[in-house]
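Q: Sequence:
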Amino acid sequence: MKFTSLKTFDRELRQLPKEHQRLFLAAVHKDFLPAVAAGAFSGNPPWPTRLRLHKVGGYDVYSLTWSFASPDGRATFHIQKDEAGDPLLVWRRIGDHSIYKDP
Numbered sequence: 001m002k003f004t005s006l007k008t009f010d011r012e013l014r015q016l017p018k019e020h021q022r023l024f025l026a027a028v029h030k031d032f033l034p035a036v037a038a039g040a041f042s043g044n045p046p047w048p049t050r051l052r053l054h055k056v057g058g059y060d061v062y063s064l065t066w067s068f069a070s071p072d073g074r075a076t077f078h079i080q081k082d083e084a085g086d087p088l089l090v091w092r093r094i095g096d097h098s099i100y101k102d103p
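Taking this note's numbering, the leading residue of the sequence shown gets 1, the next gets one more, and so forth.
Keep in mind that the hints were calculated from the coordinates and are not lab data.
Ideal Cβ positions, reconstructed from N, Cα and C, are used throughout, including at glycine.
Accuracy of the hints is not assured; some may be wrong.
To be verified - Heads up, simulated DSSO-like pairs for lysine-lysine below, C-alpha to C-alpha not over 27 Å straight-line: (1) Lys30 with Lys18; (2) Lys18 with Lys2; (3) Lys2 with Lys81; (4) Lys7 with Lys55; (5) Lys101 with Lys7; (6) Lys55 with Lys2; (7) Lys81 with Lys7; (8) Lys55 with Lys30; (9) Lys101 with Lys81; (10) Lys101 with Lys55; (11) Lys81 with Lys18; (12) Lys2 with Lys30; (13) Lys18 with Lys7; (14) Lys101 with Lys18; (15) Lys81 with Lys55; (16) Lys7 with Lys30.
Said to hold, decoys possible - Label-pair ranges, simulated between beta-carbon atoms: (17) Lys18 with Asn44: 17 to 27 Å; (18) Lys18 with Lys81: 27 to 37 Å; (19) Arg52 with Val90: 31 to 41 Å; (20) Arg22 with His97: 18 to 28 Å; (21) Lys81 with Thr8: 14 to 24 Å; (22) Glu19 with Ala84: 32 to 42 Å.
Please put together the full structure from these sequences, using the hints given.
A: As structure tokens, then:
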């Protein structure tokens, strides 16, 4: 699946401490991307439970948790179609629980 990110996400990612950035990238590469490749968006197989993937409020925005303790690490994303009509994952926000105020 192709992906892109909003400027907000890029800025927030740069502001994270390097160790938090490393933890996020490790979760994406170790758990998230393999689940996407295996078809988790279709529900089979299910998402890895350690990511706590869920829909945020009344939005078509999803959240994944990349760390449960210090740091409290979360990232939001949505799926849209690219120019060719293929799915495109858009990273929206990254940080702690406060990103849910404006996912």
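Q: Hint by hint, note whether the structure agrees.
A: Verification of the supplied hints:
1. Lys30 with Lys18: holds (18 Å)
2. Lys18 with Lys2: holds (24 Å)
3. Lys2 with Lys81: The hint holds at about 10 Å.
4. Lys7 with Lys55: holds (21 Å)
5. Lys101 with Lys7: Holds. Lys101 to Lys7 sits at ~17 Å (cutoff 27 Å).
6. Lys55 with Lys2: holds (20 Å)
7. Lys81 with Lys7: holds (19 Å)
8. Lys55 with Lys30: holds (21 Å)
9. Lys101 with Lys81: holds (25 Å)
10. Lys101 with Lys55: At roughly 14 Å apart (the allowed maximum being 27 Å), Lys55 and Lys101 satisfy the hint.
11. Lys81 with Lys18: Violated. Lys81 to Lys18 sits at ~31 Å, over the 27 Å cutoff.
12. Lys2 with Lys30: This hinted pair holds, its Cα atoms lying about 17 Å apart.
13. Lys18 with Lys7: Status holds; Cα separation ~19 Å.
14. Lys101 with Lys18: holds (24 Å)
15. Lys81 with Lys55: With Cα atoms ~18 Å apart, Lys81 and Lys55 stay inside 27 Å; holds.
16. Lys7 with Lys30: Measuring from Cα to Cα gives roughly 24 Å; hence the hint holds.
17. Lys18 with Asn44: 17 to 27 Å: violated (36 Å)
18. Lys18 with Lys81: 27 to 37 Å: Check passed, 34 Å falls within 27 to 37 Å.
19. Arg52 with Val90: 31 to 41 Å: Roughly 20 Å apart at Cβ, these two residues miss the hinted range, so it is violated.
20. Arg22 with His97: 18 to 28 Å: About 20 Å separates the Cβ atoms of Arg22 and His97, which means 18 to 28 Å holds.
21. Lys81 with Thr8: 14 to 24 Å: With a Cβ separation near 21 Å, Lys81 and Thr8 satisfy 14 to 24 Å, so the hint holds.
22. Glu19 with Ala84: 32 to 42 Å: For Ala84 against Glu19, whose Cβ atoms are near 37 Å apart, the range 32 to 42 Å holds.
Checked against the numbered hints given earlier, the structure breaks hints 11, 17 and 19 and satisfies all the rest.
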